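*Asks:* Chains as they are written, first to last, in this note's numbering: chain A, 150 to 349; chain B, 7 to 191.
FYI, nobody ran anything at the bench for these hints, they're computed from the structure.
Accuracy of the hints is not assured; some may be wrong.
As the list claims (entries may be wrong) - Covered by chain A, according to a simulated footprint, are these stretches of chain B (three or more residues, beta-carbon under 8 Å):
# : region
1 : 8-18
2 : 29-39
Unchecked claim - Between beta-carbon pairs, the in silico distance windows are:
#  : chain 1 : residue 1 : chain 2 : residue 2 : range
3  : B       : R171      : A       : V313      : 30 to 40 Å
4  : B       : G35       : A       : L206      : 15 to 25 Å
5  : A       : M150      : B       : K155      : 22 to 32 Å
6  : B       : R171      : A       : Q180      : 48 to 58 Å
7  : B       : D14       : A       : D317      : 45 to 55 Å
8  : B       : K168      : A       : L324      : 31 to 41 Å
9  : B       : Y127      : A       : I327      : 44 to 54 Å
10 : A       : Q180      : B       : V68       : 25 to 35 Å
All values derive from a computational prediction rather than experimental measurement.
Backbone N, C-alpha and C fix where the C-beta goes; we use that ideal spot for every residue, glycine too.
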Amino acid sequence: MYGRKACQLVTELASGEKGQLTHFNSDLFEQVISECQQHHLELQSLIRKVQEEGLDLQTTKNEDHFGALIHHLALVRNKRCLMAYVHNRAETIRSLIWKLLGSMIPPEIQEKLSNSEEEYFKKHSARLKEYMSKLELDLTVDMVPPKDPYIQVRVLDDIGEGIVLSDDKTANFALHSIHFLKRTDAEQYISRGLMEELRG
Amino acid sequence: MTSYYDIDDILAEEELVSVVFQKAVNGVGIDPSSETDSVESGSKVELPFWLAQELHLRQVAVMALPSCFNQRTRLEIQADAAFVDLRSRCQFFYEFGCKIAPLVGDRTIGSWLLSTFKSRYKEVLTKAHSAVFAASSKYLALLSKEETKMYEAAQSSMTAFKKWRMGGPRFQRASFLSRKRKSTE
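Isolated chain A, as found in the complex:
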């Protein structure tokens, strides 16, 4: 049935968990595109047939016209499915950028992206950084309104020594050590999973 493959692509999106990326299914994507090209060829040949019979394209309503109509509808449908696939993935990628700004693309995510999506990731985060430096404001911190400017955190991964904090002091984030930090300093490490917040 027409449009079945394109719908499979969308089903794949729907069955994945929200906010999670799956591998870009370039195989199926290509198949849908070649199905579209097939539709296009058949559409053209039907239209040519109508013209060769010397009938008026606008007013003729014969079986060839309806055949062309069905190919046209299938094309429109396939287009919608492909667009939805790309669009919804791009949306997920954008929300990842907001959470991961400043760090490179994690390898487990990079392998799931197609080439153009990877480029989109890089360019979009570059634009966002450029915008924030123009504003002189880091928009990615304080996504949750703060109750207290300082929080206690435990280091979950060896981050390293001599990390310069915003108040020009350096800290040694050894594994399992506990620190009392400014929220804004800690936030980027927490969202990357390198620290956790401690509750007193």
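Assemble chain B onto chain A, guided by the hints.
*Replies:* For chain B alone, coordinates are given in the frame of chain A:
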């Protein structure tokens, strides 16, 4: 109005409807019973809704009422709406119903969908707040996609409310990372 990119809307339009062609169509392979690349007038074919709708509007084919809205389902829903298995009938029962209602000649579908929803809604909401996770899976299998979403929304807002009351941790590791780590452990 649903968005062009809406995944659920796209999937709802993939539901099959049986249509009877009023006109002959050339050069398409949509009739599995036909040996040539054409559909003859009067043949009955199952088509996805997105195609059936347009053909119906152009009077190329006439749509029949899908079986998930037939008299038998109605009787079952009248008996005990909350425990009718809508998912196996049609994943997007309400969405699909709303799409098909103006096209087929049955004027009662709209009000019937509404009353079905009303009587099931109560059960969904109470189950979402009270049921233990393990016990609810059997009930969840009966719900249509729209109802499942509602069920999840009710549960997550309850958890969010409890978390807010207890004052849980406000920062969390970005969710897509935590999942990945867990699976590699």
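*Asks:* Against the earlier hints, flag every one the structure doesn't satisfy and list their numbers going up.
*Replies:* none
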